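Let chain E serve as the given structure and place chain Y with the ligand on it in line with the hints.
Just so you know, the protein sequences line up as chains E and Y, in that order. First residue of the first sequence: 1, per this note's numbering; consecutive thereafter. First residue of the second sequence: 1, per this note's numbering; consecutive thereafter.
Since the hints were derived computationally from the structure, they do not count as laboratory data. Don't take every hint at face value.
What follows is a list of derived Cβ distance ranges for each label pair [what the hints assert, rightly or not]:
(1) 31/E x 256/Y: 31 to 39 Å
(2) 384/Y x 29/E: 29 to 37 Å
(3) 37/Y x 36/E: 37 to 45 Å
(4) 22/Y x 30/E: 35 to 43 Å
(5) 89/Y x 44/E: 19 to 27 Å
(6) 6/Y x 44/E: 37 to 45 Å
(7) 31/E x 296/Y: 54 to 62 Å
(8) 39/E x 131/Y: 50 to 58 Å
(9) 30/E x 195/Y: 26 to 34 Å
(10) 201/Y x 35/E: 47 to 55 Å
(11) 101/Y x 35/E: 20 to 28 Å
(12) 31/E x 249/Y: 32 to 40 Å
(13) 37/E x 256/Y: 46 to 54 Å
Partial list, computed: chain Y residues near chain E (C-beta under 8 Å) [claimed, not checked]:
(14) 84
(15) 88
(16) 99
(17) 102
(18) 124
So the derived list for chain E, only partly shown, Cβ under 10 Å to chain Y, looks like this [said to hold, decoys possible]:
(19) 11
(20) 12
(21) 15
(22) 18
(23) 30
(24) 34
(25) 39
(26) 48
(27) 49
(28) 51
(29) 53
(30) 54
(31) 56
Since we're looking at a predicted model, the values are computed, not measured. Beta carbons: idealized from backbone N, C-alpha and C, even for Gly.
Each chain, written out:
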Amino acid sequence: MRITVDHEACDGLGQCALVAPEVFALDDDERLQVASDPAPELADKVVAAARACPVRAISVERA
Amino acid sequence: MSEVFDLAELAASADLERELGRLAADHGIIRTRQLNQQETWTVLSAALTRELLSDPRLSNDVHTHAPHGALVPGLQVMLLEQDDPGHARYRRLVSAAFASKAVRQLEPRIVEVTRQLLEKLGDSGTVDFIDAFTYPMPLEVICDLLGVPGEDRDPFRKWAMDISAAPSAEAMQTAAGELFAYCIGLIGAKRERPTEDLLGELIAARFEDGTGLSDEELSSFAAVLLIAGHDTVTNLLANALHELLTHPEQLAALRADRSLVGQAVEEALRFRGSAMTTVNRVALTDIEAGGVTIREGELVRFLLNAANRDAEVREDGHTFDIGRATARHVAFGMGPHFCLGQRLARQEATIALTEILDRFPTLELGVPAGEVRWLASDAIRGLEALPLRYARETV
Ligand code: SF4
Numbered sequence: 001m002r003i004t005v006d007h008e009a010c011d012g013l014g015q016c017a018l019v020a021p022e023v024f025a026l027d028d029d030e031r032l033q034v035a036s037d038p039a040p041e042l043a044d045k046v047v048a049a050a051r052a053c054p055v056r057a058i059s060v061e062r063a
Numbered sequence: 001m002s003e004v005f006d007l008a009e010l011a012a013s014a015d016l017e018r019e020l021g022r023l024a025a026d027h028g029i030i031r032t033r034q035l036n037q038q039e040t041w042t043v044l045s046a047a048l049t050r051e052l053l054s055d056p057r058l059s060n061d062v063h064t065h066a067p068h069g070a071l072v073p074g075l076q077v078m079l080l081e082q083d084d085p086g087h088a089r090y091r092r093l094v095s096a097a098f099a100s101k102a103v104r105q106l107e108p109r110i111v112e113v114t115r116q117l118l119e120k121l122g123d124s125g126t127v128d129f130i131d132a133f134t135y136p137m138p139l140e141v142i143c144d145l146l147g148v149p150g151e152d153r154d155p156f157r158k159w160a161m162d163i164s165a166a167p168s169a170e171a172m173q174t175a176a177g178e179l180f181a182y183c184i185g186l187i188g189a190k191r192e193r194p195t196e197d198l199l200g201e202l203i204a205a206r207f208e209d210g211t212g213l214s215d216e217e218l219s220s221f222a223a224v225l226l227i228a229g230h231d232t233v234t235n236l237l238a239n240a241l242h243e244l245l246t247h248p249e250q251l252a253a254l255r256a257d258r259s260l261v262g263q264a265v266e267e268a269l270r271f272r273g274s275a276m277t278t279v280n281r282v283a284l285t286d287i288e289a290g291g292v293t294i295r296e297g298e299l300v301r302f303l304l305n306a307a308n309r310d311a312e313v314r315e316d317g318h319t320f321d322i323g324r325a326t327a328r329h330v331a332f333g334m335g336p337h338f339c340l341g342q343r344l345a346r347q348e349a350t351i352a353l354t355e356i357l358d359r360f361p362t363l364e365l366g367v368p369a370g371e372v373r374w375l376a377s378d379a380i381r382g383l384e385a386l387p388l389r390y391a392r393e394t395v
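The following block holds chain Y by itself, in its conformation from the complex:
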């Protein structure tokens, strides 16, 4: 197969997932072109995804092994672009903050932020829910967690959008540079005046040999978390609401039995996860996979949204069904780089959906289904806007 696909172009269609399902049936792996015009291999099938995501012959250290493949130089030096043992060493240092106990402690604050934002909406109206809720909620939470002062939070949306759904490679690099510079400044300020937030703790944290993290490592980690920690949740929430509202029988089932909310979140993750693709991997040697040869030095990424609909795993993968018995999806990846923040994301989504349904017995799309517009991004799956009509009481 010699065709090269442009994921960002495909993504602009609501039918992307079905299109990918068709492709995946014929090829477990395809050629794609990414934003900076680089060609990569893209893995589609569930079986290859599971196999290759834990394969040590694929390295995350694009920095060293394929510098041309690093989309955002300087930004991803810490967790994303490291292999073991370095990666595991870092991960152990920071994972406590994202373990289940620590995340449960954030619950009251997540509820508070959620209620405040919903309160602002008033009793009824029509708004873009992304603007009014699904964007600011996770941003507040991740900024609180890291210790980003309230007055600094405004430019983040532009940076985040420009990094994850950038119109061009240049826009992405400019935004990443600005964000990185901001984080360097923030770390400097916290070194002078220690704080008790996550960044404060990481500045003080020490490896077993007594060394700590450098400013560059800390800033890179902070920048990655700020992007990964809110953009994905913003779109996860918006996609989940969109799916529920375009599948009224599923929404009714959830309204009737609210204990299904966790399953609804899992199904939203499976059906149209917001982290559509992983960051690039690079082949350390020639690898035979799915009938092709990935040559040493070539880039590989994983289209998680395709694997989650793979007909080999589920015949009815294109059906949105919150009644599914906890389908094992790969929306958070797998293996050594399994999403560090998955518990936080799940908790934010569960709380937000619960509070929204509690507050608004009437909730519907503010535009005809099919008229919503999808972001043309090769990394993030999400909507440009989600206009919703809501009312506290049914009129």
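Extracted from the complex, chain E is given alone in its bound form:
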């Protein structure tokens, strides 16, 4: 699965991190950190996290 984040658009709200904390986290500067190689079984959660983002900053391509 390939996860791309548009950091320009990302507003540091952490909605994605609420849905898929295994994959998304905000650092102290509200910058979004993405796990580099998430386990394939997390794919559904990652898609749900992308959907939860208010500004659509995350796109996911399933492998």
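Just chain Y with the ligand, lined up with the frame of chain E:
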């Protein structure tokens, strides 16, 4: 379960949240009747709230999918009643103004407005704090931010009250119509004479394809912000003060360690958030949830105050405790429509509480606890008035 609850009726009781907690233990979702007599599903449990608020089968576009469900026609066309991709496209255009950097820049002005209003109170007395402070403070801030001229700000309280805590659907629609008309006029004036406030910026803003926002979109956005941007904060502040004053040990803890103010704001949001319910969603297809079937076309709303007390998430949900380690509440919603203004609301509440405690070492309820009256609203959780006795020095 076939009982239909009237949230506005329940809300008039201070015990609403406990009542909801009991209901939530038995049903994750109930039937409720809203102001215009429409029946809706209302989600109570934390688990269903988290799940369904990001579920694309529930649409915010009540306008298109359930026009009968739009409480305030014409007012909510822009952010609230849009789905992706349109919603995200709008949201990206306006979100910069509410990002953390932009909101931090508003801090000096919020402090100034806060101090001016507190100054007017004098050194001691008893006043309705909603009238004297928690209503005018956020109104000044949101009007400044948008660029509403000072002399125009008077009718806003009535509009805001009539829209969010309306006695009837007609009163709500009349107020919304007046507010919308005012905003159309304001946008027109700003198109002729550009200004550097948020509305001025949005008039000039362009999407990637070079198009801008129409007068209708801009006005709808302005109207939504004016209502959402101050009524919620007014009641959040009043509820927070009420909670602190009726839990003296919590107030003492906060006075002793002022770094807890952020946590006190979060706990106030969790314990009795002012945005009690979300706007309506509409089911785009039949949805099985919490043991019921939500039929296509039916309305669904979320009772955030119930989810935040759900015993499945916190056993002691009915205890007001500012010492909680940042409990994850849903007072600002979740998912694509997560409150755009949450940073501003948090900052206003933090500054206001700090300044009030600084200024008044003595602060107490001006009526016996239990005699305050709650608004009978199915949308906003708040007090009709908050009489406070205050003194600069302890006498
Ligand atoms: S939900 Fe969207 S805006 Fe928020 S942190 Fe995640 S990517 Fe950024």
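Tested hints:
As the Cβ distance of residue 31/E to residue 256/Y is approximately 34 Å, the hint placing it in 31 to 39 Å holds. For residue 384/Y and residue 29/E, the hinted distance range of 29 to 37 Å is not satisfied, since their beta carbons lie about 42 Å from each other. One distance hint, 37 to 45 Å for the beta-carbon pair residue 37/Y and residue 36/E, is violated here, with the actual separation near 54 Å. Checked against the hint of 35 to 43 Å, the pair residue 22/Y and residue 30/E passes, with Cβ atoms roughly 38 Å apart.
Between residue 89/Y and residue 44/E the Cβ separation comes to about 25 Å, which falls inside the hinted range of 19 to 27 Å. Checked against the hint of 37 to 45 Å, the C-beta distance between residue 6/Y and residue 44/E comes to roughly 38 Å, which is consistent with it. Distance hint check: the CB atoms of residue 31/E and residue 296/Y are about 41 Å apart, inconsistent with the given range 54 to 62 Å. For residue 39/E and residue 131/Y, the hinted distance range of 50 to 58 Å is satisfied, since their beta carbons lie about 56 Å from each other.
In this structure, residue 30/E and residue 195/Y meet the distance hint of 26 to 34 Å, their C-beta atoms being roughly 30 Å apart. Against the hinted window of 47 to 55 Å, the Cβ-Cβ separation of residue 201/Y and residue 35/E comes to about 36 Å, which falls outside the hint. Between residue 101/Y and residue 35/E the CB atoms are about 26 Å apart, so this pair conforms to the stated range of 20 to 28 Å. Distance hint check for residue 31/E and residue 249/Y: the Cβ-Cβ separation is about 38 Å, which falls inside the suggested range of 32 to 40 Å.
A beta carbon spacing of about 47 Å between residue 37/E and residue 256/Y agrees with the range 46 to 54 Å that was offered as a hint. Taken as an interface hint, residue 84/Y checks out: its beta carbon lies about 6 Å from the nearest beta carbon of chain E, inside 8 Å. For residue 88/Y, the suggested interface contact is upheld, since its CB lies about 4 Å from the closest CB of chain E, less than 8 Å. At its closest, the beta carbon of residue 99/Y sits 5 Å from a beta carbon of chain E; the interface hint therefore holds under the 8 Å criterion.
The restraint placing residue 102/Y at the interface with chain E is violated, with a minimum CB-CB distance near 11 Å, outside the 8 Å limit. Among the interface hints, the one on residue 124/Y is violated; its C-beta lies about 42 Å from the nearest C-beta in chain E, farther than the 8 Å criterion. The restraint placing residue 11/E at the interface with chain Y holds, with a minimum CB-CB distance near 5 Å, inside the 10 Å limit. Restraint check, residue 12/E versus chain Y: the minimum CB separation of about 7 Å is within 10 Å; hint holds.
Nearest Cβ of chain Y to the Cβ of residue 15/E: about 5 Å, under the 10 Å cut. The hint holds. At its closest, the beta carbon of residue 18/E sits 7 Å from a beta carbon of chain Y; the interface hint therefore holds under the 10 Å criterion. For the restraint placing residue 30/E at the interface with chain Y, the shortest Cβ-Cβ distance is roughly 6 Å, inside the 10 Å limit, so the hint holds. Nearest Cβ of chain Y to the Cβ of residue 34/E: about 18 Å, over the 10 Å cut. The hint is violated.
The beta carbon of residue 39/E is not positioned within 10 Å of any beta carbon in chain Y (closest approach about 21 Å), and the interface hint is therefore violated. Here the hint on residue 48/E is kept, as its CB sits about 6 Å from the closest CB of chain Y, short of 10 Å. At about 9 Å, the closest approach between the beta carbon of residue 49/E and any beta carbon in chain Y falls short of 10 Å, and the interface hint on this residue holds. Evaluation of the residue 51/E hint against chain Y yields a held restraint, the C-beta minimum of about 6 Å falling below 10 Å.
Because the beta carbon of residue 53/E sits about 7 Å from the nearest beta carbon in chain Y, less than 10 Å, this interface hint is met. Taking 10 Å as the C-beta contact cut-off toward chain Y, the hint placing residue 54/E at the interface holds, the least distance being around 5 Å. Hint on residue 56/E holds. Least Cβ distance to chain Y is approximately 4 Å, under the 10 Å limit.
Of the numbered hints stated above, those contradicted by the structure are hints 2, 3, 7, 10, 17, 18, 24, 25, listed in ascending order.
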